[in-house]
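Participant: So the chains spell out like this:
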Amino acid sequence: MTTTTKAADAKKLPGADYFTLGEPVADTKAPGGPIEQKWAKRKFEAKLVNPANRRKLTVIIVGTGLAGGAAAASLGEAGYNVLNFCYQDSPRRAHSIAAQGGINAAKNYRNDNDSTFRLFYDTVKGGDYRARETNVYRLAEVSANIIDQCVAQGVPFAREYGGLLDNRSFGGVQVQRTFYARGQTGQQLLIGAYQALERQVAAGTVKMYARHEMLELIVADGKARGIVTRDMVTGEIETYFADAVVLATGGYGNVFFLSTNAMGCNVTANWRAHRKGAYFANPCYTQIHPTCIPVHGETQSKLTLMSESLRNDGRIWVPKKAEDCGKDPREIAEEDRDYYLERIYPSFGNLVPRDIASRQAKNRCDEGRGVGPAVKEYDDNGNEKMVRRGVYLDFSDAISRLGKDGVAARYGNLFDMYAQITGENPYETPMRIYPAVHYTMGGLWVDYDLSSNIPGLYVTGEANFSDHGANRLGASALMQGLADGYFVLPNTINDYLADALKFPAVDASHPAAVEALESVKGRIDKLLSINGSRTVDSFHKELGHIMWEYCGMERTEEGLKLAIAKIDELQAEFWKDVKVTGVNEDFNQTLERAGRVADFFELGRLMCVDALHRRESCGGHFRAESQTEDGEALRHDDEFLYAAAWEFTGTGEKPVLHKEDLVYEAIELKQRSYK
Amino acid sequence: MNITLRVWRQANAASEGRMVTYQVQDVSEDMSFLEMLDLLNEDLTVKGEEPIAFDHDCREGICGMCGVVINGTAHGRGNSPVATTTCQLHMRSFSDGATIDVEPWRAGSFPVIKDLVVDRTAFDRIIQAGGYVSVNTGSAPDAHANAVGKLKADRAFDAATCIGCGACVAACPNHSGMLFTAAKITHLAMLPQGQPERHLRIKKMLATHDAEGFGGCTNIGECAAVCPKEIPFDTISQLNRDLIASLFKRDGK
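Residue numbers (the working numbering), protein chains in the order written: chain A, 1 to 675; chain B, 1 to 253.
Since the hints were made in silico from the structure, they are not lab data.
Ideal placement from N, C-alpha and C gives every residue a C-beta, glycine not left out.
Don't take every hint at face value.
[Claimed, not checked] Covered, in the sense of this in silico footprint (three residues per stretch, anywhere, with C-beta under 8 Å from a C-beta of chain B), are these stretches of chain A:
id	segment
1	200-212
2	417-425
3	432-438
4	481-493
5	586-599
[What the hints assert, rightly or not] Across the chosen pairs, the derived CB separations fall in these ranges:
id	chain 1	residue 1	chain 2	residue 2	range
6	A	Ala46	B	Glu16	24 to 30 Å
7	A	Ala322	B	Pro81	32 to 38 Å
8	A	Ser533	B	Asn12	45 to 51 Å
9	B	Asn71	A	Thr429	28 to 34 Å
10	A	Asp112	B	Lys150	18 to 24 Å
Given the sequences, and given the hints that come with them, work out the whole structure.
Facilitator: Dropping the structure here:
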């Protein structure tokens with residue numbers, strides 16, 4: 001392809017002024033043949049490393065959640081030397097711990113016609129046909145092993161009186177394949193992985209570095225060979241070397257400031273790798289969850305998710321008249337209430353999918369009919385406005401039908417949680433909910449082996465992009481984390497490590513290591529030297545507002561262009577006026593946050609560019625310019641059936657778009673419909 | 001609301017700490033306790049003072065990273081109507097004009113890192129001593145190979161909900177980590193997968209518990225009273241029963 005044609009092609013895509021088009025990228029590791037034989041074939045073809053040689057090889061794993069903890073434990077068991085890093089005080093705190101609902105597995109224990117193929121089919125369809133078919137099939141294939149593994153570790157899944165495992169059904173699925181541990185499945189699975197990890201720490205195969213944050217990737221002679229970290233207690237900047245590096249660092253939803261993520265979740269490890277050449281795929285795919293407890297004020301730090309199951313019995317409404325919004329909801333007459341989901345989607349009603357329920361709630365609040373406390377926002381010109389961000393989720397009908405005890409039996413723990421956070425009694429007055437940022441489907445680009453385009457750099461779990469497409473079904477994130485960590489990576493990374501004994505030694509004197517170390521120190525010095533007037537959090541909140549407003553649930557070409565300009569302006573101000581207190585050589589939480597927010601600016605901009613170029617509505621990405629006559633999301637498979645893998649070309653330079661065509665051989669593409 | 005805070009400030013493990021008084025204005029009752037500290041920290045930063053260091057992460061009451069002593073009780077349980085972590089304690093539990101004391105977990109096994117942040121890695125080392133089932137990846141039997149009666153599974157689960165926050169240690173006059181250790185012992189002892197290592201596990205975990213400097217349990221019960229996950233106090237009885245049984249087993253001798 002000549003440069004002129006590329007430029008001409010890029011012109012056709014919306015937002016072409018913001019990027020250039022590069023060569024296509026392809027997954028080259030998935031073998032040919034029928035989809036159900038690919039994984040077995042790949043495992044057989046992959047090279048092995050004999051046990052005596054494994055002792056000579058070192059793998060760095062960043063992150064200790066389901067993907068990282070499971071991988072570290074498995075590679076430790078295999079006999080490799082593993083260096084495992086996390087920013088928390090203990091690997092047990094990784095944010096996988098907060099997942100509630102459950103984990104899918106095609107066990108067919110219910111004899112309800114479930115199968116590997118059906119789990120595969122549901123996941124690809126749920127992802128709105130923007131996931132990679134081969135990866136998703138393998139995910140479904142190993143899912144059953146995950147349950148066996150976890151039970152063997154002592155994970156206390158819910159059981160029936162007969163002693164066998166219980167299952168339930170989750171959104172968008174017609175079989176019962178979700179295994180769960182009350183409302184804390186994530187915690188129990190993570191503790192299982194953590195225990196396996198600590199067993200390896202005791203065995204000496206894994207060395208754990210808690211309170212260490214990865215701040216740079218070392219790419220020596222074209223291969224990922226190490227990382228630069230900051231010891232968060234002493235401030236020491238250190239280099240660590242290995243034969244391969246695995247990033248298992250989770251998602252980047254905190255770019256929005258308010259999200260359901262843990263406060264420390266960040267994009268820095270992935271972003272530093274991206275700047276060193278790793279492609280970042282589909283950054284704009286963010287899952288918005290419709291049933292969160294709403295924002296109560298400007299000082300709020302965090303959004304808490306409530307189970308989506310509430311929509312089975314709760315009715316969602318807002319007042320018909322804006323002047324009723326401040327009233328006690330119990331005093332608003334039935335005829336003055338707008339049950340808008342039931343009105344617009346009579347067949348699905350309150351059970352419409354997550355993206356639709358979320359967008360409609362936002363529309364009602366934008367119209368001025370939101371409820372709950374008004375929170376300060378800014379319009380496009382920077383003027384302050386007060387907006388109520390909440391809709392009612394009303395159980396009064398359910399309480400008259402089932403009785404208070406009946407409702408409590410189904411949702412009691414959620415009602416208690418709501419009461420504790422809001423101070424309101426949801427049995428007496430309707431709950432208030434609002435959508436929130438939950439999970440990011442984008443991440444570093446990987447091939448079938450979970451290898452990024454930098455040799456020796458592997459990416460697992462939420463940190464990669466491959467398995468969830470533009471949307472994510474419930475109970476599938478835990479599945480992917482553990483599948484990658486226990487079963488996929490330990491089988492694919494050998495193929496690379498088999499050659500690693502021949503790699504030249506790399507140590508702190510290598511120019512790439514010196515450069516990485518110096519760049520980290522320079523960046524920290526710069527942050528500490530600005531000594532401006534604005535706090536890190538004030539920048540982060542403002543960035544979050546921009547991202548939520550223009551790159552959140554609904555996006556327009558005009559809005560995204562405005563957002564990019566606003567981000568550029570805010571970023572410039574950040575580097576001139578941020579105030580970072582203290583010194584590096586200390587436990588300094590302000591400095592930690594400053595470095596992360598600096599990377600969120602760059603990521604946020606790329607998210608907007610990605611959203612801008614993809615002029616189709618797809619999963620959690622609704623483009624106002626691409627909708628059906630009745631306002632539904634409209635996908636354009638003819639133009640956008642690809643994963644967008646972005647290459648970093650330099651600060652202030654246009655990123656390069658590499659397209660990976662998504663090929664569906666086992667599944668026919670269909671438009672999702674909710675009518 | 002306007003709040004007077006008296007906060008423990010300590011530069012590092014080696015230095016002396018002291019209580020410092022701060023005024024926090026415009027506190028909303030909807031704020032969590034940590035959001036109130038955020039508000040104070042923003043104010044301190046603008047003034048050029050160093051913000052107060054405290055540990056936190058998920059702010060959903062599940063990761064176990066947050067935890068300070070508030071008015072003398074771990075996680076502010078004394079001010080909360082229900083069991084809670086610090087991140088789920090809300091300012092409506094306090095009255096306008098209140099003076100609130102905030103201190104780190106105080107226990108020799110949890111040295112202070114800075115201000116309200118302590119080092120709880122001793123808990124990880126107790127788990128390393130045997131708080132797991134020895135099973136390698138990829139070799140597990142089918143999950144239905146062993147039935148586990150629901151009642152035992154539920155008891156295992158009740159113990160498994162421990163989030164490792166360390167409130168039990170902070171609340172115990174002996175700074176014992178027994179509730180934490182007992183929770184793991186009970187969790188694994190209720191399941192068939194935990195049986196082969198059951199007696200060896202308790203010996204190894206308790207030896208590490210003691211070596212880390214945690215005190216012995218004298219059945220005071222403060223640990224369970226402050227536990228944000230309401231780990232049953234009788235897990236300690238389970239631990240004691242298993243310990244006695246283990247003395248008659250050769251495992252680990």
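Participant: State for each hint whether it applies.
Facilitator: Right, here's what the structure says about each hint:
A count of 4 residues in the segment 200-212 of chain A with a Cβ less than 8 Å from any Cβ of chain B is obtained; the coverage claim is therefore met, three being the minimum. Under the rule that three or more residues need a Cβ within less than 8 Å of chain B, the assignment of the segment 417-425 of chain A holds, with 4 such residues. Counting residues of the segment 432-438 of chain A whose beta carbon lies closer than 8 Å to any beta carbon of chain B gives 0, which falls short of the minimum of three for the stated coverage. Under the rule that three or more residues need a Cβ within less than 8 Å of chain B, the assignment of the segment 481-493 of chain A holds, with 3 such residues.
Counting residues of the segment 586-599 of chain A whose beta-carbon sits less than 8 Å from any beta-carbon of chain B gives 4, enough to reach three: the coverage restraint holds. Ala46(A) and Glu16(B) have their C-beta atoms about 58 Å apart, which leaves the hinted 24 to 30 Å range violated. The supplied range of 32 to 38 Å is met by Ala322(A) and Pro81(B), whose beta-carbon atoms lie about 36 Å from each other. About 28 Å separates the C-beta atoms of Ser533(A) and Asn12(B), a value inconsistent with the hinted range of 45 to 51 Å.
The hint said 28 to 34 Å for the Cβ distance between Asn71(B) and Thr429(A), and at roughly 30 Å that hint holds. Range check, Asp112(A) to Lys150(B): about 21 Å between beta-carbon atoms, so the 18 to 24 Å window is met.
Against the hints set out earlier in the document, violations occur for numbers 3, 6, 8.
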